[in-house]
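Here are the chains, one letter per residue:
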Amino acid sequence: MDELLQVIGISKEFPGVKALSGVDFSLRAGEVHALIGENGAGKSTLMKILTGIHKADAGELLLKGKPYLPQTPKYAQQNGISMIYQEFNLIPDLTVAENIYLSREPRRFYNLLIDDAKMNRETQALLDSLNLQIKPTSKIYDLSVAEKQMVEIAKALVEKSDILILDEPTSALSENEVQKLFSIIRMLCKQGVAIIYISHRMEELSEIADRVTVMRDGRHIETANWADVTIPKLISLMVGRSITDQYPERNVAPGDVVFEANGMTNQKLKNVSLQVRSGEVLGIAGLMGAGRTEFVRAIFGADRIQAGQLIKNGSPIRVKNPVDAVRHKLAYLPEDRKKDGLMLDLEVDTNILAASLSSYATWGVVNEKKCREVVEEKINDLAIKTPSPRQIVQYLSGGNQQKVLIGRWLCRDSEVIIFDEPTRGIDVGAKYEVYCLINELAAAGAAIIMISSEMPEILGMSDRILVMCEGKVTGELSRSEATQERILSMASNLAINLSEN
Amino acid sequence: MSRSSLLKNMSNNTKQTMTVVIALLVLMVVFSIASPYFLQTNNLMTIGLQTSITCITGYGLTFVLIAGAVDLSVGSCIAFTGVMCALLIQAGLSPSLAVVMTLLIGGLVGFLNAVMVTKMRMPPFIATLGALMALRGLALAITEAKPVFIDVPNFKLLAQYRLFGVIPLPVIYMLALGLLASFLLRKTVIGRNVFAVGSNEEAARLSGISVFKIQIFVYVFSGVMASVAGIILASRVTSGQPAIASGYEANAIAAAVIGGTSMRGGHGSIIGTIFGALILGVLMNGLNLMNISQNWQMFATGIVVIFAVYIDKLRSMQGV
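In order, the protein sequence lines correspond to chains D and V.
Residues in the first sequence are numbered from 11 upward in steps of one, following the numbering used here.
Residues in the second sequence are numbered from 936 upward in steps of one, following the numbering used here.
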């Protein structure tokens, strides 16, 4: 078959790290080629070489049989290779059309003015061809995450890309948005576009991938047709060992109800309630925009509420802001760790101590020795991989960053712990560790509230599942009742309403 | 131990401070060659005296900048508090009571800045720019733009007395307040939380840190430091001068930034600010001795500041 792109023996070294050693890779026109591997396996480095951000130390690239030496991302784009990053590169204050045509706007009047009419017309045609219900004149900040993603893809298509690289494209998408993305991907493939699809989500890859390449420690491990491999086999290739259980066993019977939120109401929430027992993991499922994050933020005092009451250990508590929440031993691990959780440019120890510094102080003066002990203890207990407590936290892997946040709340002996997408962007091995930690916290008597958009995670971890839709709770399922289908049908009231309209 | 591993084992803060110290030493060597007068005790004390104002104001700015905000009002605040101090003494208050009142006024100015930034959600740059103009206007209005003379002999000793006949008292204030500021910033809960808020305000808020309290703290501290500078200046010129200290906010910000405090928040140190202020002081003094005009001194200072901000930018691009 036609090889659109060939990567032959590419090596790349960064100071102190051998990022890629002799990697081979090939891509055919019209295929979806999954690229998998744990964080640090070299996937992103390889993609950065393809898109001209890094230069390879050794090896060769062939594009349509001809040597290809990308110098800059612009050069890569001109040669038909575009990458869509996990973090979008859209300008919120500009419209969809302005973003898509940024720096190549159609001109009129001696090239001095931007031809808005033409730009909007062409954008409309492009969006129509992708079956997208987005207006060219909408501002980016009014779009949902899924819509932004589609705009990114549309933007890449204006470049007439032959090769589209998608990095974890579904991490912010809900189930039916994923399906929409997949139908667009299939359409593009029919037109001969080749897709490199980087993801940790095996279930989704099963649906979309034609071939798969596994990388580990900067090496090419295996390339195969997706149909010829099994998921356990791929996972063992990725981690270099076999993982028997994806979700660890938990053998604690939940105790009494320790925390209740009743009738929480604000712009995004309509009279939402929950109860959680000590030792219990309560999962909250729902589609993107169902109000799950808004619900827990309201509980934590991070967003204002118009009505609602919290009850802890039988007595009402007042939580006006996160300061109150923390005092009542609530903890919140936000979905966007980097934006809302970590002080990225500060050290591991500072991050661990952020919620509890005053507990290790007398008269407002910090007890350094005590702090050092506590930090050491958390690093050991949680097996946080860091060269030192003074390491800047942004250099840790996603899994270790999440452990740092867990450590932060362990310092407060939190009794109600809210995890919002606890394993987003974390690789397979580290996911398992996070699950074990959640179970240990529950076993120690904490009440756990866990939001997740990954169906297997919700099913594998929760004792009980609340399903939300449009700012309301639309169902509750016990572990034994819960199936993917039942959750989806409860979660997708929204989709039904929309199609009726 | 080889040199490279020695460098590796130093924290980034230490490395930064080392760079500033080396820059200061180089400047001093150059000027001592250029002028035989430069290294004489008397001249060094003059540098100390001149540096003290920038440095003390710079402590406040260091706090505010680390918290991720900025305070442009300090220059005007120096003039306003100096005038207030003079008026209070003229009104018959004892110098010591007048000084305490003036410090409180400085704190109040900082508090109002903080309220604008937190409760009224104004961008720090705009809010304190407004305060810069308002305070200068107020200082000029209540004095009808005329100096307010202080004829209490004790008061001028505050800045003019020399310890052992050599060290001007403001140099002592500078060092003592430096110790205090460094202690507050590095050893107390509230000081440590300043870094957390400056690095990521939302993450700090969601960790249960009261961002409001932190911002009140840094602005009040900045206001009090400006009023200390106001009192010192008033004592040096034995009057409250409504037009004095114009543009001093730039010196204070420059001292902090040269000393490694980040304009993006989350990073900085008091020791760095001291050396930053010394670099500015030495530069101006040395150029003075070499008979280079005020205008060119200002130009040189500007270049140093631009260079320091560029270094800060390089650091952030390396992700350090």
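Note that these hints are calculated values from the structure, not bench results.
It is possible that some hints are incorrect.
Claimed, not checked - Derived lysine-lysine pairs resembling BS3-like cross-links, with alpha carbons at most 25 Å apart:
#, chain 1, residue 1, chain 2, residue 2
1, D, K339, V, K1148
2, V, K1122, D, K380
3, V, K1248, D, K379
4, V, K1248, D, K58
5, D, K278, V, K1054
To see whether the hints hold, each was checked on the structure:
no., hint, result
1, K339(D) to K1148(V), "holds (21 Å)"
2, K1122(V) to K380(D), "holds (13 Å)"
3, K1248(V) to K379(D), "violated (34 Å)"
4, K1248(V) to K58(D), "holds (24 Å)"
5, K278(D) to K1054(V), "holds (24 Å)"
In summary, the one numbered hint that this structure violates is 3.
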